[in-house]
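Given the coordinates of chain A, work out where chain B with the ligands should sit on it, guided by the hints.
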Amino acid sequence: MPSEVDLKTVYDAIVVGSGAAGGMAAHVLTSHGLKVLLLEAGKKLNINKELRSMEWPYDHPRRGGLPPGHAALSFNEYNFRTPPYAKPDDPRRVYSYVLSGSGADYSRNIVVDERDHPYTGTKYAWVRARCLGGKTNIWGRLALRLSDYDFKAKTHDGYGEDWPISYADLAPYYDKVDLYLGISGQKENLPHLPDSLFQRPVKLTAAEVRLRQSLQRMGRVLTPYRAGVTTGGLKHNRYRSRCFGRGACSRRGGCDIHAAFDSPTGLIFPALDTGHLTLRTDAIVHQVLVDNRTGRARGVAFIDSQTGKTYEAKARTVVLGASTLESTRLMLLSKIANSSGHLGHNFCEHVMGPSVTGIVKELIGKPRTLDDGKPGSFYVPRFRNLKERHPRFLRGYGFEGDSGTQMFPQRALDTPGFGAAYKKRVRQEAGAFISMGAFGEVLPRYESYVDLDPVVKDRWGIPVLRFHYQFSDNEKRMAEDMADTAREMFEAAGIEVVAVDRQVLTEGWSIHELGTARMGSGAKTSVLSPFQQSHDVKNLFVVDGSSHVSASCQNPTWTIMALCWRSCDYLAEQLRRGEL
Amino acid sequence: MERRELLQIALGAAAPAPARFFTAEELRLVEDLTEMIIPADGHSGGARAAGVARYIDRRLAEEAEPEPKRLWREGLKPYLRVTAEERLALLTRAENNQEAFFKELKARTVFAYYTSKIGIHDDMEYKGNVYLKDFVGY
Ligand SMILES: Cc1cc2nc3c(=O)[nH]c(=O)nc-3n(C[C@H](O)[C@H](O)[C@H](O)COP(=O)(O)OP(=O)(O)OC[C@H]3O[C@@H](n4cnc5c(N)ncnc54)[C@H](O)[C@@H]3O)c2cc1C
Ligand code: SF4
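From first to last, the protein sequence lines stand for chains A and B. According to our numbering, the first sequence holds residues 1 to 580 in order. According to our numbering, the second sequence holds residues 1001 to 1138 in order.
Hint data in this document are derived by calculation from the structure and do not stem from the laboratory. A few of these clues could be false.
[To be verified] So the derived label-pair ranges between C-beta atoms look like this:
id, chain 1, residue 1, chain 2, residue 2, range
1, A, 492, B, 1099, 48 to 54 Å
2, B, 1074, A, 88, 28 to 34 Å
3, B, 1100, A, 92, 21 to 27 Å
4, A, 80, B, 1024, 23 to 29 Å
5, B, 1122, A, 209, 27 to 33 Å
6, A, 501, B, 1122, 30 to 36 Å
7, B, 1125, A, 191, 42 to 48 Å
8, A, 492, B, 1017, 53 to 59 Å
9, A, 59, B, 1017, 45 to 51 Å
10, A, 154, B, 1122, 57 to 63 Å
11, B, 1065, A, 295, 53 to 59 Å
12, A, 92, B, 1024, 48 to 54 Å
13, B, 1100, A, 306, 43 to 49 Å
14, A, 420, B, 1017, 28 to 34 Å
[Said to hold, decoys possible] Which residues of chain B face chain A? A few of them, derived with a C-beta cut under 10 Å, are:
id, residue
15, 1037
16, 1039
17, 1043
18, 1044
19, 1055
20, 1058
21, 1078
22, 1092
23, 1101
24, 1105
25, 1110
26, 1113
27, 1115
28, 1120
29, 1124
30, 1134
[Stated by the list, open to error] Below 20 Å or equal to it, Euclidean Cα-Cα: the simulated DMTMM-like pairs (lysine to aspartate or glutamate) are:
id, chain 1, residue 1, chain 2, residue 2
31, B, 1127, A, 59
32, A, 366, B, 1125
33, B, 1117, A, 89
34, B, 1077, B, 1026
35, A, 424, B, 1035
36, A, 424, B, 1032
37, A, 366, B, 1041
38, A, 235, B, 1134
39, A, 87, B, 1065
40, A, 203, B, 1134
Virtual Cβ for every residue (Gly too), placed ideally from N, Cα, C.
The following block holds chain A by itself, in its conformation from the complex (with noise of 0.2 Å):
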């Protein structure tokens, strides 16, 4: 059990989740030397011992696989079912799908017992950690930015709302975000996916410069994988070494020697070596509290994980950073921030699934490279509605591939035969093939919502979520779309095409889930001000993805972190004028 912190003082701030959101909270606050209280529902990992990432597959007693009494839900699972995913009378702990094909064991402690968290209502793949550093801790760190095709959709094209801040708002903060936590890339210059403040990119295979020449006379862009991993080092952070390329970099969740950005190495542990952060774990948070008097948030109850016993933390203002759909909740259970009644609306993530696998005939047979010795691949960034209008959907997709040799030869379970001649081809082919698949935007509706469900209760007794929420028409049509141009560009590039997957996965499955509590300048049509200030309760602050007004299609964490620096910079210069 974690040792008992102060909750007799009066915080400056509580900040609620030590992810990305509620990490970047807590650094930024104590960096203005803000006294901050930061309050976690997971565990304290020793993520030296969490974190496997050279330890071979035949040095596990499973290759990877968990042990008896643990169960990871099949990809199928949530094409059939709907929530609540595991059963309440399992008997065994019930995990998500995440990492299930390359090592559920290296995850198992980071994400959630689905039998202790439920949640009801449509299909949805909800990925959550819960410990220290959240989803960070596994994420995939394909860090991008924003642009004002995002920010500006609405003017650009005439749906939704445009966000009430601009590129030229933000950009100062990535910045910020890129040297404090390092990212990986190259500079291309486009206008809709704006580079970064790069370190040290990763190198293209052969496969991947021809695909990126190939695209390149179609007008459109392969460029390095832009990683948030710090590849040069950063001088500032004893707690993280530079990436040195070691392979199978994704498969074992976590980067040990943090290159990859994590939120305890990268935020936490720094800011509590200021003095002025105090951390609690084990602590979920089931209420803001807030005076009938004045409106305003006087703190926090929370209730002990291991003990189940509760308590009160005081506070001059509180910043929520749960993740997009756990912050909401906590709003909605605490029945505050509401008043345009668009709390739980607007919900938007990214469609995935279309992908296509191809093979370079003439790297068929060559010696053997090392081609899965960085952190990541490619990327192509969205091309669809920039100048163009597509006739069939609104908005675009991008998408994330690899290609080359991995430590698991791709494609041995589908190559046809047995015996030495399937052992050859496999040999052979290993490294001669390319893949990729997309992310898409999903647009936010009003009718696309969370709620309480009134009956269900989490494993401590707190209401848990219900989902309204089901892809529409665009997002279907885009999908065709993706597994169409993905065809056409490895053609186009003299790649055979060997399998196109047209399947959409099930909602969710992006782990990109966004809104629910948007950003706007009017307190009727939205939940907080372009500073993720509540409209209603003025010293409560939501800081994670739930502010984001529409998805893009890029991966959001980047923007989480850059738009929750702005927002704390914001408050903490608020509350030295006295004005919160």
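Coordinates of chain B with the ligands only, in the frame set by chain A:
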């Protein structure tokens, strides 16, 4: 539990312990069948040398669901009844028909082989999982 298993694996190297799910006869058969899926060749050892049958045995022994166990027990039966020569014909037919047991046998063999020392280092000559000074590529 896990420690005891590791101990058994370590001991197993010295004196082969009895199989935990398969009968002795089944284990010999699974060793033969997995070797037929991925045989030794001039380049590297096959499934037998990589200990694939033992690995499958360990995983099945602790499997909670009855279905995979049943699939193996039933699936092996026809192969127990035929001569070694006839097995190839049977296996080829099973692949052509994409029989459930064949798919299971192949999937487990392929997974266990390419996650073994022999599979990763000798056959695939995998070069990663080492500290590098610079990224490789173009
Ligand atoms: C496998 C995987 C791959 C991913 N790949 C990418 C990628 O390539 N690029 C990208 O941009 N994003 C990626 N993501 C998403 C990324 O991880 C999230 O966007 C990011 O972590 C969000 O940060 P957050 O702080 O909002 O939430 P989280 O990281 O989930 O942190 C929230 C924290 O709040 C805590 N909490 C929740 N409720 C409470 C409560 N009531 N009281 C106290 N604490 C609470 C949780 O325990 C958790 O620690 C990926 C995620 C996963 C799982
Ligand atoms: S390749 Fe780099 S980021 Fe990935 S695990 Fe290795 S050191 Fe970490």
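Comparing the hints with the structure gives:
Checked against the hint of 48 to 54 Å, the pair residue 492 of chain A and residue 1099 of chain B fails, with Cβ atoms roughly 39 Å apart. Restraint check, residue 1074 of chain B to residue 88 of chain A: a C-beta distance of roughly 33 Å satisfies the suggested window 28 to 34 Å. At roughly 24 Å, the beta-carbon separation of residue 1100 of chain B and residue 92 of chain A lies within the given 21 to 27 Å, and the hint holds. The hinted window of 23 to 29 Å between residue 80 of chain A and residue 1024 of chain B is violated, with their beta carbons roughly 40 Å apart.
For the pair residue 1122 of chain B and residue 209 of chain A, the supplied restraint of 27 to 33 Å holds, since their beta-carbon distance comes to about 30 Å. Taken as a hint, the range 30 to 36 Å holds for the pair residue 501 of chain A and residue 1122 of chain B, whose Cβ atoms sit roughly 32 Å apart. Under the hint 42 to 48 Å, the C-beta atoms of residue 1125 of chain B and residue 191 of chain A, about 44 Å apart, fit the expected range. One distance hint, 53 to 59 Å for the beta-carbon pair residue 492 of chain A and residue 1017 of chain B, holds here, with the actual separation near 56 Å.
For residue 59 of chain A paired with residue 1017 of chain B, a C-beta distance near 20 Å fails the hint of 45 to 51 Å. Roughly 58 Å separates the CB atoms of residue 154 of chain A and residue 1122 of chain B, a value that falls within the hinted 57 to 63 Å. Evaluation of the 53 to 59 Å hint for residue 1065 of chain B and residue 295 of chain A yields a pass: the beta carbon distance comes to about 55 Å. At about 31 Å, the CB distance of residue 92 of chain A to residue 1024 of chain B disagrees with the hint of 48 to 54 Å.
The supplied range of 43 to 49 Å is met by residue 1100 of chain B and residue 306 of chain A, whose beta-carbon atoms lie about 45 Å from each other. At roughly 31 Å, the beta-carbon separation of residue 420 of chain A and residue 1017 of chain B lies within the given 28 to 34 Å, and the hint holds. For residue 1037 of chain B, the interface hint holds, the least distance from its beta-carbon to any beta-carbon of chain A being 4 Å, beneath 10 Å. With a cut of 10 Å, the hint placing residue 1039 of chain B at the interface with chain A holds, because the nearest CB-to-CB distance is about 5 Å.
A hinted interface residue such as residue 1043 of chain B counts as satisfied when its beta carbon comes closer than 10 Å to some beta carbon of chain A; here the least separation is about 7 Å, so the hint holds. The restraint placing residue 1044 of chain B at the interface with chain A holds, with a minimum CB-CB distance near 8 Å, inside the 10 Å limit. Hint status for residue 1055 of chain B: holds, given a least beta-carbon distance of 8 Å to chain A, under 10 Å. With its C-beta approaching chain A no nearer than about 8 Å, residue 1058 of chain B sits inside the 10 Å limit, and its interface hint holds.
Hint on residue 1078 of chain B is violated. Least Cβ distance to chain A is approximately 17 Å, over the 10 Å limit. For residue 1092 of chain B, the interface hint holds, the least distance from its beta-carbon to any beta-carbon of chain A being 9 Å, beneath 10 Å. Taking 10 Å as the C-beta cut-off, the interface hint given for residue 1101 of chain B is violated, the closest approach to chain A being about 13 Å. The beta carbon of residue 1105 of chain B is positioned within 10 Å of a beta carbon in chain A (closest approach about 9 Å), and the interface hint is therefore held.
A least Cβ separation of about 5 Å between residue 1110 of chain B and chain A falls short of the 10 Å threshold, and the interface hint therefore holds. At a threshold of 10 Å, the smallest CB-CB gap from residue 1113 of chain B to chain A is about 9 Å, leaving the interface hint in force. Because the closest C-beta pair between residue 1115 of chain B and chain A is about 4 Å apart, less than 10 Å, the hint holds. Annotation: residue 1120 of chain B was flagged as interfacial toward chain A, and the flag holds, the nearest CB pair being 6 Å apart, inside 10 Å.
A distance limit of 10 Å between C-beta atoms decides the matter here; for residue 1124 of chain B the minimum to chain A is near 6 Å, and the interface restraint holds. Interface hint at residue 1134 of chain B: satisfied, since its Cβ lies 7 Å from the closest Cβ of chain A, which is below the 10 Å cut-off. Annotation: proposed proximity of residue 1127 of chain B to residue 59 of chain A holds, straight-line Cα distance about 17 Å (limit 20 Å). Among the hinted pairs, residue 366 of chain A with residue 1125 of chain B is consistent with the structure: their alpha-carbon atoms are about 12 Å apart, no more than 20 Å.
Pair hint residue 1117 of chain B plus residue 89 of chain A does not hold up; C-alpha atoms about 39 Å apart against a cutoff of 20 Å. Between the alpha carbons of residue 1077 of chain B and residue 1026 of chain B the distance comes to roughly 9 Å, so the proposed pair stays at or under 20 Å and holds. Between the alpha carbons of residue 424 of chain A and residue 1035 of chain B the distance comes to roughly 14 Å, so the proposed pair stays at or under 20 Å and holds. Only pairs whose Cα atoms come within 20 Å are accepted, and residue 424 of chain A paired with residue 1032 of chain B is accepted, the gap being roughly 19 Å.
The straight-line distance between the Cα atoms of residue 366 of chain A and residue 1041 of chain B is roughly 19 Å, inside the 20 Å bound, and the hint therefore holds. Restraint check: the Cα-Cα separation between residue 235 of chain A and residue 1134 of chain B comes to about 19 Å, which is no more than 20 Å; the hinted pair holds. A distance of roughly 16 Å separates the Cα atoms of residue 87 of chain A and residue 1065 of chain B; the hinted pair therefore holds under the 20 Å criterion. For the proposed pair residue 203 of chain A and residue 1134 of chain B, the alpha carbon gap of about 9 Å is at most 20 Å, so the pair holds.
In terms of the numbered hints stated before, the structure departs from hints 1, 4, 9, 12, 21, 23, 33, listed from lowest to highest.
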